[in-house]
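Hey, can you work out the whole structure from these sequences and the hints?
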Amino acid sequence: MRLYLQTVPGSAEAPRYVQITLEQDLLGGWTLYRESGTQGGRATMKREQFLERDEAVSAFEKARDAQLKRGFRLMFAQGLEGPYGR
2 MRLYLQTVPG SAEAPRYVQI TLEQDLLGGW TLYRESGTQG GRATMKREQF
52 LERDEAVSAF EKARDAQLKR GFRLMFAQGL EGPYGR
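First residue of the sequence shown: 2, per the numbering used here; consecutive thereafter.
Hints may be right or wrong, so weigh each one.
[Unchecked claim] Simulated restraints on C-beta separations:
(1) Asp55 x Pro16: 26 to 36 Å
(2) Gly41 x Arg74: 10 to 20 Å
(3) Phe77 x Thr32: 13 to 23 Å
(4) Ser59 x Ala13: 12 to 22 Å
(5) Leu69 x Thr32: 32 to 42 Å
(6) Gln79 x Gly42: 15 to 25 Å
(7) Gly72 x Gly30: 31 to 41 Å
(8) Glu56 x Ala78: 28 to 38 Å
(9) Leu75 x Lys47: 15 to 25 Å
It should be emphasised that the hints constitute simulated quantities derived from the structure, not laboratory data.
Bear in mind the structure is a predicted one, so any value in this text is a computation, not a measurement.
No residue lacks a Cβ here, since even glycine has one placed at the ideal position from N, Cα and C.
Next comes the structure, spelled out in structure tokens:
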């Protein structure tokens, strides 16, 4: 699953973005990536690992909701599934 969120650009400043990605690894665990920064500028990446899918999805949704509350707008969504996966 992947979400790309972005702020509304101001008059003179580049918009900020957040990309949240949830991937399953080869051993059955889950990794949540959070990348944030300014368009065309520096970015930071944070990574969290989870053993259970439900924990990972919960963290993914929590990260999404936190960014939406901060004023980010959803620009792109890929791979969102139902509550029980495939």
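**Request:** Sort out which numbered hints this structure fails and list those numbers smallest first.
**Result:** Of the numbered hints, 4, 5, 8 do not hold.
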